[in-house]
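Colleague: Put chain B on the given structure of chain A with help from the hints.
Chains as they are written, first to last, in this note's numbering: chain A, 1 to 343; chain B, 344 to 755.
Please keep in mind that the hints were generated in silico from the structure rather than gathered at the bench.
Misleading hints may appear alongside valid ones.
Cross-link-like lysine-lysine pairs, in silico, DSS-like; alpha carbons within 27 Å at most [unchecked claim]:
{"hint": "1", "chain 1": "A", "residue 1": "K341", "chain 2": "A", "residue 2": "K4"}
{"hint": "2", "chain 1": "A", "residue 1": "K68", "chain 2": "B", "residue 2": "K650"}
{"hint": "3", "chain 1": "B", "residue 1": "K742", "chain 2": "B", "residue 2": "K466"}
{"hint": "4", "chain 1": "A", "residue 1": "K68", "chain 2": "B", "residue 2": "K470"}
{"hint": "5", "chain 1": "B", "residue 1": "K650", "chain 2": "B", "residue 2": "K470"}
{"hint": "6", "chain 1": "B", "residue 1": "K512", "chain 2": "B", "residue 2": "K487"}
{"hint": "7", "chain 1": "A", "residue 1": "K117", "chain 2": "B", "residue 2": "K487"}
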Amino acid sequence: MPHKTFFAFILPSLIAMVLFIALPVVSVVVQSLHVEHGRVLVEVENCQPFGGCTTELRVDTAATEALKEAQPLGQFNGFGTYLNRGHLAVDEIGAILASNSGLGDVVNRIYNLPFYKALAFTLVYCFVVTPLAMALGFAIALAVNALPKPTKGPVIFFSLLPMIITPLIGSLILYWMIQPRGIVGATIQEIFNDPTLSLRASPLLTWLSLLAYGVWTNGPFSFVVFYAGLQTVPADTLESAMIDGASRWERIRYVIIPHLAPLATFVALVQLMDNFRVFEPIVGFSAEANATSLSWMIFNDLSGDAQLFGSAGATSVLTILGVVILLMPVLVRTWREFNRKVV
Amino acid sequence: MNLMLKTTVSLGVLGLTAGAAFADCGIEGAGSVRILSNDFEALRLINSTAEECASDGVTVTANATAEHKNLQVPALSINPAEYTVAVVANNSIVPLLNDDLIRPLDDLVEQYGQDLMPNQLIKIDGKTMAIAFMGNAQHLFYRKDVLEEAGVEPPTSYEDVLAAAQAIKDAGLMDYPLAASVKPGWDLAAEFVNTYLGTGAEFFEAGSAELAIDNEDGLRTLEIMRAMTEFMDPDYLTFDANAIKAEYEAGNVAIMNEWGSLAGATIDDEGAAEGVAENTVLAAAPTVGDGTVPAAALWWDGFTIAKNVSDEDAAASFQAMVHGISPEMVAENSGVATWLVEGYEPGPAAVGVIATANGGARAYPMQPYMGLLHTALSTELAEFMAGNESAEQALADVKAAYDTAAREGGYL
Numbered sequence: 001m002p003h004k005t006f007f008a009f010i011l012p013s014l015i016a017m018v019l020f021i022a023l024p025v026v027s028v029v030v031q032s033l034h035v036e037h038g039r040v041l042v043e044v045e046n047c048q049p050f051g052g053c054t055t056e057l058r059v060d061t062a063a064t065e066a067l068k069e070a071q072p073l074g075q076f077n078g079f080g081t082y083l084n085r086g087h088l089a090v091d092e093i094g095a096i097l098a099s100n101s102g103l104g105d106v107v108n109r110i111y112n113l114p115f116y117k118a119l120a121f122t123l124v125y126c127f128v129v130t131p132l133a134m135a136l137g138f139a140i141a142l143a144v145n146a147l148p149k150p151t152k153g154p155v156i157f158f159s160l161l162p163m164i165i166t167p168l169i170g171s172l173i174l175y176w177m178i179q180p181r182g183i184v185g186a187t188i189q190e191i192f193n194d195p196t197l198s199l200r201a202s203p204l205l206t207w208l209s210l211l212a213y214g215v216w217t218n219g220p221f222s223f224v225v226f227y228a229g230l231q232t233v234p235a236d237t238l239e240s241a242m243i244d245g246a247s248r249w250e251r252i253r254y255v256i257i258p259h260l261a262p263l264a265t266f267v268a269l270v271q272l273m274d275n276f277r278v279f280e281p282i283v284g285f286s287a288e289a290n291a292t293s294l295s296w297m298i299f300n301d302l303s304g305d306a307q308l309f310g311s312a313g314a315t316s317v318l319t320i321l322g323v324v325i326l327l328m329p330v331l332v333r334t335w336r337e338f339n340r341k342v343v
Numbered sequence: 344m345n346l347m348l349k350t351t352v353s354l355g356v357l358g359l360t361a362g363a364a365f366a367d368c369g370i371e372g373a374g375s376v377r378i379l380s381n382d383f384e385a386l387r388l389i390n391s392t393a394e395e396c397a398s399d400g401v402t403v404t405a406n407a408t409a410e411h412k413n414l415q416v417p418a419l420s421i422n423p424a425e426y427t428v429a430v431v432a433n434n435s436i437v438p439l440l441n442d443d444l445i446r447p448l449d450d451l452v453e454q455y456g457q458d459l460m461p462n463q464l465i466k467i468d469g470k471t472m473a474i475a476f477m478g479n480a481q482h483l484f485y486r487k488d489v490l491e492e493a494g495v496e497p498p499t500s501y502e503d504v505l506a507a508a509q510a511i512k513d514a515g516l517m518d519y520p521l522a523a524s525v526k527p528g529w530d531l532a533a534e535f536v537n538t539y540l541g542t543g544a545e546f547f548e549a550g551s552a553e554l555a556i557d558n559e560d561g562l563r564t565l566e567i568m569r570a571m572t573e574f575m576d577p578d579y580l581t582f583d584a585n586a587i588k589a590e591y592e593a594g595n596v597a598i599m600n601e602w603g604s605l606a607g608a609t610i611d612d613e614g615a616a617e618g619v620a621e622n623t624v625l626a627a628a629p630t631v632g633d634g635t636v637p638a639a640a641l642w643w644d645g646f647t648i649a650k651n652v653s654d655e656d657a658a659a660s661f662q663a664m665v666h667g668i669s670p671e672m673v674a675e676n677s678g679v680a681t682w683l684v685e686g687y688e689p690g691p692a693a694v695g696v697i698a699t700a701n702g703g704a705r706a707y708p709m710q711p712y713m714g715l716l717h718t719a720l721s722t723e724l725a726e727f728m729a730g731n732e733s734a735e736q737a738l739a740d741v742k743a744a745y746d747t748a749a750r751e752g753g754y755l
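With the rest of the complex left out, here is chain A (with noise of 0.2 Å):
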C-alpha cells in the first residue's frame, strides 16, 4: 500500500485517538501540576434561621476572580500535588523511614497513608484476580468443549452471565447475598455456627468478598477467548497424542495450554488494565472502610462538598503510569516476538 493511501486511511482513527485520547491525557497532566488560587478571605456577617447572626470567613469572589483572570490555570505547584501526602507522601515516607520501630511499624504507618492503602488493594486484586480468573475461565471452557452439543449453548449462557450485567449491578447483586440475611451470608454464618460473623466487618472478609467477586465477574471473559481457542486446537495432534497414550491431564498440559499460550498473553494483558482500575465492587459493597483503589480516590476527589481536580489529575496520571509499569513485561515480550516474527 502506498504511503499516501495508508495516511488517508488511518486518518480518521487518527483524528479521533488525539482528540479523545492524547488531549484529554495532556489536559489531566497540565491539571496535575497546578492547584487552585489562593482564596481572598473576608469578614462578613452571616445570619441563619437559627443560631442568629455570626461573623464568618467568605471568600471575597471579586479580589479572588481578579487572580482567576490573571491566572486561568491556577497557581503552578509542579510536582507537589505528587509529593503531597496525598499521593506519594515522599515527607512522611521519609519521617517514617527516619524513627519507626521495627519493619511492622514502618508498613503499618506507610498503610496509613491514603496512595498507598489504595495502591496495596489496587496490586493484590490485579494480582490474585487476573491469575485466579484465567484459570477458572479456562476451567469453565475445557468443560465446556467437553459437553454435549445440545446442552452447550445454555450453558454458554450461563457461564457468560456475570459480564453480561453491569459491575455496579453485578456487585449490588452479591452484596446483599453475602449479608447476614442474604443467602451466603446466612449459608456461611450457618456452616461456622457463628451468628455474629459477617462478610463486611473485617478488613479481611471484606477483601475477600471482593476479590471473590473480581473473580466470578472477570472469569467469564477469559472463558469466552479461551473457549474461541480450543476450538482451533489442531485434532492430529491431539489425536496423535491420544494414541500415543496421552492421558486427559498430558493432552491439555502438553498440547491446548502451549496452543492457547499466545492468547493467555492476550487475555492477562487485557485483565491486567482492567482490574487496575477497580472501582464498582468497592462502591457496590460499601467496602470504602476496608479497601479503595486508585480509581475510588479520583472518584473521592471529584464527588462531596469540595472538589480537588489537581489532586483527581495527579492520581490519574499515577494511575496511567501504574498501567504502563505493569504491562510492562508483557509488551515488552509481545514486541520481541513480533519483530522475531517479522524477520
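Modeller: Chain B in isolation, oriented as in the chain A frame:
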C-alpha cells in the same frame, strides 16, 4: 399491562392540564424557570407546586437528583445558566457563594416576598442570598416499650444512651440496640460534625482556615462514637441513614440517631414491624459530656437564584419558588417536613427537629473550607471506627488530610 400504561399516561396528562388550568401564581410577564434540587419528598413537592405556575409565557421545569451537588457549580457557571434556581442547604450553598454564582435577592424579596418571614432570609454580608423553607437535623428516635422493659429512663445525653444500651443488652432484649449512620463517606463525617458541635468547641481557629479539632473535644467525640459501636450491628460501617431506618423499622434497634426528614416515613403505618411505629418517641439529639446543647447540626434547605440568568427569568423563578413554598402548600403537607413557613403547624414528625433546635443546637458550619474538612473526615475516620487505629492517630490523619486539601484549594 398496555392498557394500564395508557390509563396511567392519560391520567397523568389529565392531572397536568388540570393543574395548569387552576394555577394562578400571578407571575407577571414571561420567563423560564429551571429548578435543580436534591431528591427527597419535600423538595419534589415544592418542585411540583412551582410547576403549577407554568402558563403561556412561563415555562417551569425541575430536575430533582441526588447528584445535584456535582451538577450545580458547572451548570450555574455557564452563561446563561442551565438552571435558574438551585435548591441548596447550609453546605451546598458554599460552593455557589465561593464562585459568585448566585444573586442577591433583596429587590425580589421586596417585590414578591410579602409572605416570607424574616428568619427565612439567609443574609450574608447584609445581603439576602437564599430563602430557607425547611429545617432538618439528626435527632433521637427511641422505642419507649423497649426502654421501659429494660427499666431505664429516656436518654438525654450520649452517656445515657450508652447506659441504656447496656441495660437493654443485659436484659437480653436486643443484641445491638443502637444504630447510627456511620458509613464511611459523607454520613460518617456528618456524625463526627454532629457530636463535635455538641461539645461547644469550634472547628477552625477564629479568622483563619487553620483546623482546630486536634484537642480534648475532638478526642471525646471520637471516644463516644467508638463506644456506640460496641452496641451496633457488626456491619455498622456499611450503614447509611436509609439502612438504619430499615433496621429500626424491622424492630432490630431501640435507639438511633436519624434525620428528622425521615421521621414521617418512620412513624407512618407502612413498612414497620408490629409495635415499632406506635412505640417510637422522637426527641432532641442527646448532649455530649458536660455540654448543654444537643449534639447535632441544624440544617436549613432553601432556594437560590442563579446570577447568570436574565432579570426576567430571575423574577419568574423567584415567584414560582415562592408559590412552591406557599403557606397553602405547607398547610396541605404539614407532615412531610419541618417547614420554616408562616402558619406552619408542626405535626408529630417534626417534634424531634424542633426539640433539637429549641435546645440550642448549632447550625452546620458555612465556612468556605468546611467541605474540605467534611471530605477529610469522611475518608480518615473509617479505620478508627473499625477499631484499627487510635483516636489520636485518627485526628492527626484528619488534620494532615485537611491541610493537604486546604493547601491545594488555596485556603492555607
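Colleague: Let me make sure I understand: some of the numbered hints might not hold for this structure. Which ones are they, in numerical order?
Modeller: Numbers 3, 7 - these are the hints that the structure violates, sorted from lowest upward.
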